[in-house]
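Starting from the given sequences, assemble the full structure and let the hints guide the process.
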Amino acid sequence: MNKRLSGLIAGIPTFWLVVLFVLPLLFVLKMSLTEARLGLPPYHDLIREMEDGLITIKINFGNYVILAQDSLYLSALWGSLKIATVSTLLCILIGYPMAYAIANSPKHLQTPLLMLVILPFWTSFLIRVYAWIGILKSNGLLNNFLMWCGVIDEPLQILHTVWAVYIGDAYSYLPFFILPLYATLVKLDRGLLEAAADLGARPVMQFLTVTLPQSIPGVVAGSMLVFIPVMGEFVIPDLLGGPDVLMLGKMMWIEFFNNKDWPLASALTVVLLVALIIPFVLMQNYEQQDSKDKA
Amino acid sequence: MVAESPIVQIKQVSKNFDAVYAVDDISLDIYRGEFFSLLGASGCGKTTLLRILAGFEQPSSGRIFIDGQDMTDVPAYARPVNMMFQSYALFPHMNVADNIAYGLKRDGMGKAERAERVQEMMALVKIAAYAKRKPHQLSGGQRQRVALARALAKQPKILLLDEPLGALDKKLREETQFELVNLQERLKTTFIVVTHDQEEAMTMSSRIALMHAGRIEQLDTPRRIYEFPATRYAAGFIGSANLLHAHVVSQEDELVTLRSEALEREFVVHHGQPLAPNMDVSIIVRPEKIQVGPANDAPNKVEGVIKEIAYLGDVSIYHAEIAPGVRIKFTQSNVLPLAEQPLSWEQEVRLSWSPYSCGILSQ
Amino acid sequence: MSKLRWLQITVLLLGFAFLYIPMISLIVYSFNESRLVTVWAGFSTKWYSELMDNRQLLGAAWLSIKIGFLNACLSVILGTLAAIVLVRFRRSRMRKPLDVMVAAPLVMPDIIIGLSLLLLFVSLENLMGWPERGQLTVILAHSTFSMAYVTVVVRSRLVSMDRSLEEAAMDLGARPLWVFFTVTLPIIAPSLVAGWLLAFTLSMDDLVVASFVSGPGATTLPMMVYSSVRLGVSPQINALASIIILVVSVAVLIAGILMYRQEKRLRH
Numbered sequence: 001m002n003k004r005l006s007g008l009i010a011g012i013p014t015f016w017l018v019v020l021f022v023l024p025l026l027f028v029l030k031m032s033l034t035e036a037r038l039g040l041p042p043y044h045d046l047i048r049e050m051e052d053g054l055i056t057i058k059i060n061f062g063n064y065v066i067l068a069q070d071s072l073y074l075s076a077l078w079g080s081l082k083i084a085t086v087s088t089l090l091c092i093l094i095g096y097p098m099a100y101a102i103a104n105s106p107k108h109l110q111t112p113l114l115m116l117v118i119l120p121f122w123t124s125f126l127i128r129v130y131a132w133i134g135i136l137k138s139n140g141l142l143n144n145f146l147m148w149c150g151v152i153d154e155p156l157q158i159l160h161t162v163w164a165v166y167i168g169d170a171y172s173y174l175p176f177f178i179l180p181l182y183a184t185l186v187k188l189d190r191g192l193l194e195a196a197a198d199l200g201a202r203p204v205m206q207f208l209t210v211t212l213p214q215s216i217p218g219v220v221a222g223s224m225l226v227f228i229p230v231m232g233e234f235v236i237p238d239l240l241g242g243p244d245v246l247m248l249g250k251m252m253w254i255e256f257f258n259n260k261d262w263p264l265a266s267a268l269t270v271v272l273l274v275a276l277i278i279p280f281v282l283m284q285n286y287e288q289q290d291s292k293d294k295a
Numbered sequence: 001m002v003a004e005s006p007i008v009q010i011k012q013v014s015k016n017f018d019a020v021y022a023v024d025d026i027s028l029d030i031y032r033g034e035f036f037s038l039l040g041a042s043g044c045g046k047t048t049l050l051r052i053l054a055g056f057e058q059p060s061s062g063r064i065f066i067d068g069q070d071m072t073d074v075p076a077y078a079r080p081v082n083m084m085f086q087s088y089a090l091f092p093h094m095n096v097a098d099n100i101a102y103g104l105k106r107d108g109m110g111k112a113e114r115a116e117r118v119q120e121m122m123a124l125v126k127i128a129a130y131a132k133r134k135p136h137q138l139s140g141g142q143r144q145r146v147a148l149a150r151a152l153a154k155q156p157k158i159l160l161l162d163e164p165l166g167a168l169d170k171k172l173r174e175e176t177q178f179e180l181v182n183l184q185e186r187l188k189t190t191f192i193v194v195t196h197d198q199e200e201a202m203t204m205s206s207r208i209a210l211m212h213a214g215r216i217e218q219l220d221t222p223r224r225i226y227e228f229p230a231t232r233y234a235a236g237f238i239g240s241a242n243l244l245h246a247h248v249v250s251q252e253d254e255l256v257t258l259r260s261e262a263l264e265r266e267f268v269v270h271h272g273q274p275l276a277p278n279m280d281v282s283i284i285v286r287p288e289k290i291q292v293g294p295a296n297d298a299p300n301k302v303e304g305v306i307k308e309i310a311y312l313g314d315v316s317i318y319h320a321e322i323a324p325g326v327r328i329k330f331t332q333s334n335v336l337p338l339a340e341q342p343l344s345w346e347q348e349v350r351l352s353w354s355p356y357s358c359g360i361l362s363q
Numbered sequence: 001m002s003k004l005r006w007l008q009i010t011v012l013l014l015g016f017a018f019l020y021i022p023m024i025s026l027i028v029y030s031f032n033e034s035r036l037v038t039v040w041a042g043f044s045t046k047w048y049s050e051l052m053d054n055r056q057l058l059g060a061a062w063l064s065i066k067i068g069f070l071n072a073c074l075s076v077i078l079g080t081l082a083a084i085v086l087v088r089f090r091r092s093r094m095r096k097p098l099d100v101m102v103a104a105p106l107v108m109p110d111i112i113i114g115l116s117l118l119l120l121f122v123s124l125e126n127l128m129g130w131p132e133r134g135q136l137t138v139i140l141a142h143s144t145f146s147m148a149y150v151t152v153v154v155r156s157r158l159v160s161m162d163r164s165l166e167e168a169a170m171d172l173g174a175r176p177l178w179v180f181f182t183v184t185l186p187i188i189a190p191s192l193v194a195g196w197l198l199a200f201t202l203s204m205d206d207l208v209v210a211s212f213v214s215g216p217g218a219t220t221l222p223m224m225v226y227s228s229v230r231l232g233v234s235p236q237i238n239a240l241a242s243i244i245i246l247v248v249s250v251a252v253l254i255a256g257i258l259m260y261r262q263e264k265r266l267r268h
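Chains as they are written, first to last, in the numbering used here: chain A, 1 to 295; chain B, 1 to 363; chain C, 1 to 268.
Hints are computed from structural coordinates only; laboratory data are not their basis.
One should not assume that every hint holds.
[To be verified] Pairs of lysine to aspartate or glutamate residues, derived as DMTMM-like cross-links and limited to a Cα-Cα distance of at most 25 angstroms, are as follows:
#, chain 1, residue 1, chain 2, residue 2
1, B, K301, B, E264
2, C, K264, B, D98
3, A, K3, B, D70
The structure displayed is predicted, hence computed values, not measured ones.
Structure representation (structure tokens):
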């Protein structure tokens, strides 16, 4: 193919992502090293021209010191890790049986069932989170139902607790977990199960010794697709969680929009990014494995 | 003479993928009107060589000439060759007629002329009735014909065929072999076929290049490749062969006397080239050249005990032990009904063959 | 065997109940007479008519549709180019970095994308007075993560496409660009449609990134919904949600059927 043309084809998307994805992350890093001030813009520039014409670079690690010293931010980091972990476990608990059931249903039903899993993802995320407010609040659907059944005498306080956040996260990110796991499960060689059965393994043993170990890559991939975005989630803890549910994304939003402290919000973002590197590498490894399998 | 000018000249072509040589210093001339086969096991480099001719791969070194013109750096779309793909590669979103017309459109051929040519091609491969069908509505055999028609529509100087019959079932394959040969004779186009099927290559080709590990093992007519294989690999790849180890004792005119220590006897083989005395060689004898029964005047004879019999219907293959650990294969046509076969297990047999129906392999 | 079947069906029923009950409850209560969303007070469509009179909300919806449309077109172009590089340009030096850069926005929390792009736009604006924050910056921001999704969709289609189709076209005399437009493009077209719809939806759905990079003049639909939802449950939002769910369900159903047919036709 024409060298110049192929250079153009490769260059356009690469340039786009470098300018609008990589470069902005560097701006975040730079911003996190500046000092906040009142006014517009709400920060001192890193590189400043002094009155005597000297150009000085003033790097300020103060924002990171604040993050390390104020227990509020540490508990936000801890809260993000905890909530992301629990939500991921919930997704595994609900999503694995579903993915397994779909992968093992008759061939002609699999596509429609998958479409049913994906459909909620196509409707508005915000609106689906909003739906849970109506369900979880003290005079909401769930409490009314439980009281009607006689399970409880007075409404449970679920909305504005961390439980509402778990439910909202698991609900919103469930399709992201099911899809890669289904893709892994459906590729498994049925002959392996038959071989295991032939060698005397009962269905439970077949699952534990054949299906489960081979589905681990799908579980890891799906888990990362849940864990990573939940770590930085803002809408769900904001709408469903109470003021005492602390997460990095929410703290960052507050610092940025409410306190107008751009440098501190940037420092929080850097912390969040660093926390996400390991899960991201895990996911990349799975994808490379996957594309190797395809090739 | 026209036949003397090669239409394809491959000059010292190599293609390596990192350290692996898929094609290793091949030089080859193919003549106008030939039905030429590149034969070999998978991974021998035959497909790579074909793709180099088509222009899909660049040789790492060497040059390609087509009709006297250097084509090495000419892109695939500008070469006067067309290819029939192993997967057929029919465009799924176009019907049969549009598939065939695709290349003609690119040539800027007028609409009327194009329609005429498409009709002609469809008639040639007998698929005119399916002109408006999409590829997925055709059977495997019909798809193969469309692929053939599409590749021939531009009247290329050379038609490249990558495993043209590979996707067909056995019965259809045999019929199609003859159709391809007839078609080639009618069109006089040079056909270059890649195949792993020795029977297919034997039936169709005027010449075969047997490839192994990126090199040409032997280049000859099907008949000569079978009768006079040049190497042990060639002997083993095409047909089946008995190889007996021996060393040269003497050579008189074109008759060589050899001795096998394992069998403790001497053999006489017709061989044109001079051989050094005491040289270690293999005697190759095809199973069907071996005669059963007393033959006192034959110079090559062995005695053995039948150890295995494989009944194939038309022929049977016998394995006879002629010395401890040395077995020889021979075939017999099943002229008589099975119950009256004279040969059975553990039976002692005398086997013999003529000096003119065996050969000597030094490599 | 049948015990397992029942278990399987139960799992699916419970799972889908979890996924769909919230959405169904939204629709049911959008027809509730009462303002208190959870107390049923009789059937009414008044929230729909109120919604239709809500100029602000309709304006925001129109803006979101415009942004979504432009974003989808841009993302399909960028994502398709990226997919071609990743699948076809085996030897390109840009392949590896592009692979990592395309995967990252898929999972990157939107809050990071939002903040980082805002900082970029602010710096650019200070530097050369462009771009002004508003519709344009939202489109640029959305296309950055949307194109990653398009790339995934188109890429999987390209990978499964028989390479020899393109070689056949080239063999028949077509130059690379012509091959792309007459063979590659028609064959991967369904994935382009799917990618377009996906990009459109992602854009229509985004609150966080738009909140960062949008300017005072451009309030998108999710931004409007969010500010309304923060104040509590509102039946008008239920009505809006029901309309969105209906439109999306119909669209997904049609797209699903079309793709299913296409798939069937192309698979020999």
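Hint by hint, here is what the structure shows:
no.	hint	in the structure
1	B/K301 with B/E264	12 angstroms, holds
2	C/K264 with B/D98	21 angstroms, holds
3	A/K3 with B/D70	22 angstroms, holds
When each numbered hint is compared with the structure, no violation occurs for any of them.
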